[in-house]
Structures are given as structure tokens and as C-alpha cells.
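Asks: Here's the letter readout for the chains.
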Amino acid sequence: MSKRKEDLKLIEACLQNDRKAQKQLYEEHKTAWFLCCLRYAEDRMEAEDILQNAVISIFTSLKSFDPDKGTFSTWSNRVVINAALQFLRKWRPVDYRTVSEAEALDYPDKSETIYDRLNAQELVRMVQQLPLGYRMVFNLYVIEGFKHHEIAEQLKITIGTSKSQLFKAKKMLKKRLELLFQNQ
Amino acid sequence: MKMRDPIEQIFQKYLKKQSPEKEGWNTPSDDLWGKIESELPLKNEDKRPGLWIGIGIILLFLGLSASFIWLYSLQKKLEYMHSIEPKSSLLTNEDTVQPNRKDKLISSDNKRSASSDRISTIPRSTKKRFLKDNAGSKSYIDPTISYQRPFVKKQILRSASSFGKLQEKENCAISDKVNTPTHSIMMHNRNGQPNARIATLPSLSTRLQSEGRDYALTMGGIAVHKSTSKPNELTPLSIIMYTGLSASSAPIKGEMAQGYERVLESNKMMPTYHVGIELLKGISSHWSIRGGLNYLDVSLWSYSDIEATYDPASEQKSDNGMMKSTQRFSVPSHSGMRKGLARLQYPQSMGVSKGEIIEGNIDIVEKYHILKFPLGIQYALPLPSRWSVYTGAGVSWNWVMGGRAIVREMSIKNKQSMEVEALQLTQPIIPNYIEWQGRAGAHYRMNSQTHLLLETEIRRSVRPILDIDQMKSHIFGYDLRLGVSYRI
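For the record, the sequence lines run as chains A and B. In short: position in the first sequence from 1, add 7, done, that's the working numbering. In short: position in the second sequence from 1, add 477, done, that's the working numbering.
What the hints contain is simulated information worked out from the structure, not anything from laboratory work. You may find that some hints are simply not true.
[Said to hold, decoys possible] Short, incomplete list of chain B residues facing chain A, as computed with Cβ under 8 Å:
#1 Gln489
#2 Trp502
#3 Glu516
#4 Ile530
[Claimed, not checked] Some chain B residues close to chain A (C-beta under 7 Å, calculated; not the full set):
#5 Ile484
#6 Glu485
#7 Tyr491
#8 Leu492
#9 Lys493
#10 Pro497
#11 Lys499
#12 Gly501
#13 Asn503
#14 Pro505
#15 Leu509
#16 Lys512
#17 Ser515
#18 Leu517
#19 Ile546
#20 Trp547
Being a predicted model, the structure only gives us computed values, none of them experimental. Glycine included, every Cβ here is placed at the ideal spot set by N, Cα and C.
So here's chain A without its partners, still in its complex pose:
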């Protein structure tokens, strides 16, 4: 049986609230979902809270998943992102304040070899350290691939704010990367 058919069979069982199937689906996707939560959260504990809400949303809204419109991974990832944004809106006051221009530095001019020394954990930590507004816009634009007008609609901000938040987020990340490279 192909992977896709297996997935569909598993989803069918989950729709019947079959606990074993739900756990199996969770085990298969938990790392991807959790990585997504980590990017939006401030720390691991908050990421687990988001994941908890997200998984419940996935299972309760599983009926709306249409296999003809895309893969389960893409659909569930979108649910996780929505859960993360909802969680942050509810529990974290979003501040789209600006940071000082001094924080903005040029891109570090490093070779690919140095970039290769990076690992995902360090990068996730850097994203987590961004102010919440920067973090949300950066994740939505860079990682999820949303357009600025979509982000503005999602976060209820202007397109200009979305662009400036992204710009400043990248500047801050550049600074962090440079510090990292200096230490190495």
C-alpha cells in the first residue's frame, strides 16, 4: 500500500476517534509540528502548549481536510501555524515597536563553509529571541512563504508594518549571526 493510501486510512480511523490511530498520526508528524511551534514560541514550554492546542485543533477539524487539495503535512502545518498565532494573540501582548537603527548591521560576509557550521537548533533559538512581532512576520514570510498582504490580513496589521517588521527581524538576525561567527 502506498504511503498516501496509508495516510488516508489512518486519517479515516482518526475521524472515528480511534485513539491508536490518533497517536500514530501524532507520532509520525510530531517533530515537524513541534519544530514549527518552536519557531513561534519563546521557549520549549510555550512550544509544547502551542503544540497541545494545535494537535487538538487538527483532530477536531480533521473533517475539513480534503486530500484532493493537498497533502496532510501541508494542511496540518497550516493548522499548527494558525494555532500558534491564536495562542500568541491570546497569551502574548504583541508589540510591533521598532528597535534602534544601531542594531541594524550589514549582512555578515561569510563563506558557505561557515554557514554550513550552523545547525537548526541554533537558528531556532535565534528566531525565538526575536521580539514577538518580528518573529511572527519573519516566520510567516520566510519559512511559510506568505505574502505581505496575507500576513497583514492574518495579523491585522498594515502591509507597511509587515514589511518593516520583516526588515528589522532580518537585521536583528544578521547581528546575531555575526556575533555567532565572531565567537566561532
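We have chain A; now place chain B onto it with these hints.
Replies: Frame of chain A, contents of chain B only:
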């Protein structure tokens, strides 16, 4: 084609993965699934199992009540039939016909006494004439009459015990199919009515008999009478309506998981109210069964210390010059661990430093609406005059219909103030539960049908309503109620 920013490329390369490799840092903790599972909807076949149990209890209760009512109405009907004189001039007011067995004519006298408990037999010639004259007539036929007399032709009272409570009888025949002499000892109550009979010889029959107010089940050689000569003081079947005050508490006991603060107190009794409607059926001169519905509002209180570690990253300056910082906390409550945010506010001049612990406390009241289905037994003792006292015990299945939490206050310490922005529940409400009940009260008889009752009840959940980590909590409470009982 537009080139993407190098920063974007780096982060996309490492973070935009649909199936990342499992490592410790990017894998959620193992116990997370347990938390998720507890909040997922139940399996389809398991949906609301408690509801079906509740419906079953109600149906059982209604069935039993209907049986009692039917028997009671049958008894009344028989009494009525006995009071009607037969229309045929051939029958005396002491005689009637058993329609199922027209070859027998038996006495309809229902007022049995120790000495007059005999049946006069009508001569065969009279019986034949009567049947001929009344052929086709239904005026004297009633199906209930077939129940009205025992199949005893002769009973002789032999002796009485020295206390006057035991009587020895000899039945020459007690079965319509088998005539078997039975020697028996009757036990009588204070009013001289039989309430038990032990036979020394088997009757070889099993039947339900109705003799006026006595129901008799004869099985083998032992017959048990239910005497209703003096009806239960609390009436054979009554409906009780009541309302009153309640006080409930659920102390949380035990150790909490590491990292959570200790609950200082959770045992304060919170006053609420309740209303109820129940049926009471007397099953003997003293014992009754009681059950019905009861709506109860329950308030549960818990008080916790919280400690927040100051982190300048979450600090903001507010319009009034005060500094604000938002801290996360997690405290136990009766419906489970509650996560929330505490917004701290303090003067800028306070100079709180990073890592400093800011203390506060939180007071949570959870209010629940509970529909109870109590079922129990009670023992009543009539007192001189119009009073009687009673005590009883039972169980109740309690359906928690809904609830809400109220955060009462946060303390202010050292010019800091705290307020809770919101509380996130790990589970919405406490689970449905079963409780033990014990009650005691007094009845005042206003008239033959109406009683006033003053009652107190204590209750405790059979199993803990809260059972997380090492913490357990039972609900217990007291009710004080005033009600009215009306004989149906």
C-alpha cells in the same frame, strides 16, 4: 528572477523541513500525548456513557414507581369491589363469583379477623341456579375479582402465644390445584395483622395473592406477608419537593509535580443552594425507598501561592509611568492545572533585577451546575403527636452539566500589583461523579396527606474528582433543606 535574501536562504534551508530528523531538542516531551488525549473527544461509542447510565437509572426508577402505583391502585380497586353488593338476589352481600372458575363461589368478606377468617360455601344447587339465571350477564364479572380471595376453604385458629403476637393456624387447603393441609405459625404485628407465616408443611404452590391490603407470596412452605394494616407513617407513595442551602468543599491533598507551588488552602466551605423532587415509597411500616432528581450549585475554592521570576525581556513601560511585566504561571485547581499570565505592575524606581522572584497569590472559585440522581433507603420512627424522625443512606450519580472559574483576587506586595489576564484550562470541568449520601430529618404531619420535612444531608464523592500527579481531591458537603411531602 528575484534573488532571495541570504538570511532568508539560511533559515529556509535549515528550518523549512516537512520531515525533520528526530532529535532531543525538536521532539516534544513524552507526556504531552497524555495531556492531548485527555482533551480529545471520546470515542463515538463512548460518548456520554454517564448519560445512558443516568437514563437507565431514571427508567428503572420510573418502572419501579409505576409498579408500586399499579399495585396500589389494584388494591384500591379491590377494596371498592368488595364494597359493592352483588346484583343477583341469589347472592348475599358476603358472596360473589370467581369468574375464572365459575364452579366455585367464595366469600367476598375482606375484613378478616383472627376468628372470622372462614369462607361460607354456597350449596351446589344454589350455585347451579345462579349460573343458569345469570348466563351471559357481565354485571357481576370483573377480572380483578379473581385475585381477591385466597384459595383457603377453612382456617382454624388454634392458639396464641403468650405474648399474643404468635398464632398457630391450620390450613386445610391452600392451592386451587392441590389440596394440602398446612400447619403454620403466624407472626403478627401490634395491630394483630399478620406480617409473616412459617408453614411446617409445603403448600406445593407458588402464587401471588391479594387479600385486601395484604400481598402474599407463597413459595414452598414459607409465606411472607406484607402487612399494610397500618400504612407507613410516611405514606405508601409520596412526592417530596424541597429546597435549601448547601455547603461544599474539596480539599486538595498530596504532593504536586515538581515545579508547581504548593496549594496553601482549599478546604473552605462555599455556600450555595439546591432544589429537588423525589419519590418516597414505603416498603414496610418503617422502611422506605427514596429517589429522584436534585439540582445543586457547587462552589469549590482553592488558594495558591505563585512565584514569578522577573525577566526584563517581557517588561514594558505603561502610560502612567509604571513598568509592566507579564509572567506565566501554573497553579492547581479542582478542574486540573491552570496555566495563565500574571501581569505585574510596579514603579520603575523599584529596580527589580533579572531573576528576582516576585511573589503573589491567586484565589480561584469554580462554580458548577450539577444534576443529581439520588437513590436510597430510609428508616422512619413515628413519635407521639404528629412528629416522626427518620434517617437514611444512599448513593447519587451526579452529572456535572457545566461550570466556570472565577479568579477572585491577586495580592499586592511591596508596591507591586498583579492581575490575571486569563486562565487557560487543562480540562473544562470536573468529571461526573458518584457520591455517598447520609441523611436525617423530621416529618411533621399536617394532615393525612401532607407532611412538612426538615432534613440535613452529608455527602462525599466515592472517587476523587481531581487525580493528577500526586494530588487527589474528594468533594464533600452538607445540605440543609426544608420541604413538603404529599401523599399521592
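Asks: Are the hints correct? Go through all of them and say.
Replies: Right, here's what the structure says about each hint:
{"no.": "1", "hint": "Gln489", "result": "holds, 6 Å"}
{"no.": "2", "hint": "Trp502", "result": "holds, 5 Å"}
{"no.": "3", "hint": "Glu516", "result": "holds, 5 Å"}
{"no.": "4", "hint": "Ile530", "result": "violated, 20 Å"}
{"no.": "5", "hint": "Ile484", "result": "holds, 5 Å"}
{"no.": "6", "hint": "Glu485", "result": "holds, 5 Å"}
{"no.": "7", "hint": "Tyr491", "result": "holds, 4 Å"}
{"no.": "8", "hint": "Leu492", "result": "holds, 6 Å"}
{"no.": "9", "hint": "Lys493", "result": "holds, 5 Å"}
{"no.": "10", "hint": "Pro497", "result": "holds, 5 Å"}
{"no.": "11", "hint": "Lys499", "result": "holds, 5 Å"}
{"no.": "12", "hint": "Gly501", "result": "violated, 9 Å"}
{"no.": "13", "hint": "Asn503", "result": "holds, 5 Å"}
{"no.": "14", "hint": "Pro505", "result": "holds, 5 Å"}
{"no.": "15", "hint": "Leu509", "result": "holds, 6 Å"}
{"no.": "16", "hint": "Lys512", "result": "holds, 6 Å"}
{"no.": "17", "hint": "Ser515", "result": "violated, 10 Å"}
{"no.": "18", "hint": "Leu517", "result": "holds, 6 Å"}
{"no.": "19", "hint": "Ile546", "result": "violated, 43 Å"}
{"no.": "20", "hint": "Trp547", "result": "violated, 43 Å"}
Violated hints for the displayed structure, listed by number in ascending order: 4, 12, 17, 19 and 20.
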